[in-house]
Each structure stands twice: as C-alpha cells, then as structure tokens.
Amino acid sequence: MVEAGWDHEQFAIYVWRSVRRKGDTKTAKSRRSLRLADRCVEVLATLAVQQDRDREDGAKDGKGLVFRTWSGKPLSAGNVRRDFRKVLTKARLVAEDWTPRELRHSFVSLLSAHDIPIEDISQLVGHSNTVVTETVCRKQLHPVIQEGATAMNHIFPAEPREA
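Read in order, the letters of the sequence shown correspond to residues 1 to 163 in the UniProt record's numbering.
Everything labelled a hint here was simulated from the structure, so no lab data went into it.
Warning: the hint list may mix true and false statements.
What follows is a set of in silico ranges between Cβ atoms, one per label pair, in the way DEER data are often shown [claimed, not checked]:
1. Trp16 x Val80: 16 to 22 Å
2. Asp7 x Gly148: 49 to 55 Å
3. Thr135 x Asp52: 41 to 47 Å
4. Thr99 x Gln50: 22 to 28 Å
5. Val15 x Glu162: 55 to 61 Å
6. Tyr14 x Arg161: 53 to 59 Å
7. Leu103 x Trp70: 19 to 25 Å
8. Arg31 x Arg53: 32 to 38 Å
9. Asp115 x Leu88: 45 to 51 Å
10. Lys73 x Arg53: 15 to 21 Å
11. Lys73 x Ala113: 33 to 39 Å
Calculated pairs, BS3-like style, for lysine-lysine (alpha carbon to alpha carbon, straight line, at most 27 Å) [as the list claims (entries may be wrong)]:
12. Lys73 x Lys86
13. Lys73 x Lys22
14. Lys90 x Lys73
Ideal Cβ positions, reconstructed from N, Cα and C, are used throughout, including at glycine.
All chains should be built: construct the whole structure from the sequences, respecting the hints.
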C-alpha cells in the first residue's frame with residue numbers, strides 16, 4: 001500500500017471504489033490508478049497548506065479529506081454544483097449552461113485535440129471501449145471541415161484587402 005503524504009516523486013488518484021450503491025466501480029475496467037499532472041500536485045499541495053491554516057484558525061478537522069466543506073465535512077453533490085457555479089460566474093460564463101460533468105468531456109476533447117490516441121483516452125476515463133469516448137465524450141475542438149478550408153486557403157490565397 002502506498003503511504004499518503006507529500007514525500008513522493010509521483011502522485012496518483014486511485015479509482016477503485018465508487019459512490020454507487022454497492023461501492024463498486026461501474027465495470028472492472030473502470031478500476032484504475034491515474035498519475036496526477038505536476039500542476040495538479042502543486043495546486044493540491046497549496047490547498048493542503050491552506051486547510052492546515054484553516055484548522056489552526058478553528059475549522060473542524062476534515063479527517064484527511066482534500067475536497068471538503070470549510071467546516072471539514074465531505075462535499076455533497078449540491079456543494080460541488082454550487083461552488084462550480086461560483087467559479088463559472090467569476091470566469092464570466094453562463095453558469096446555467098455548464099455542469100461539472102462537462103469537465104470530463106473537456107478533458108477528453110483536449111487530449112484528443114493534442115493527438116493522444118483514443119484508446120489511451122478511453123482507458124484514462126474508464127470506458128470499456130472507445131465507442132462511448134468517441135461518440136459521447138469527445139467534442140471535436142477543430143472540425144474536420146476546417147482542414148478543407150485550410151487547404152483551399154493555401155491553393156487559392158486571398159488577395160490583400162484594401163483599407
């Protein structure tokens with residue numbers, strides 16, 4: 001078993017349980033360990049320092065929870081949605097148009113747009129095959145039609161516009 005703490009070179013999220021009724025992941029393939037990107041580790045370490053300060057200021061102990069309410073209780077789905085809407089509003093996005101689930105679709109789309117093989121993306125998000133990844137989660141950031149327009153622009157360059 002890997003020990004918790006910050007004295008490691010690599011960090012991972014272990015997706016071995018679920019909030020589903022029986023506590024099991026949806027499929028056996030859904031069980032996976034995902035290495036965290038360095039930027040995520042930096043942010044989580046900063047959050048841990050802030051949480052330690054909160055405890056010193058009288059906040060209740062969060063029992064080792066990383067994502068928790070200020071008082072240390074586990075986040076409910078309502079807590080997550082409310083805080084997510086606050087972030088969206090600060091980013092000047094229409095909060096009602098977004099859900100936390102769309103972050104998963106954005107993750108898939110960004111990896112796809114950066115030429116990560118669909119099989120690897122499917123494994124990362126715990127799909128049993130690539131069909132759901134391709135048809136449900138991946139939202140193409142650059143439609144194929146753009147490639148045709150780009151080619152035509154090279155073949156028939158636009159003449160400079162007069163000012």
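**Message:** Under the constraints set out in the numbered hints, which ones does this structure not fulfil?
**Reply:** 9
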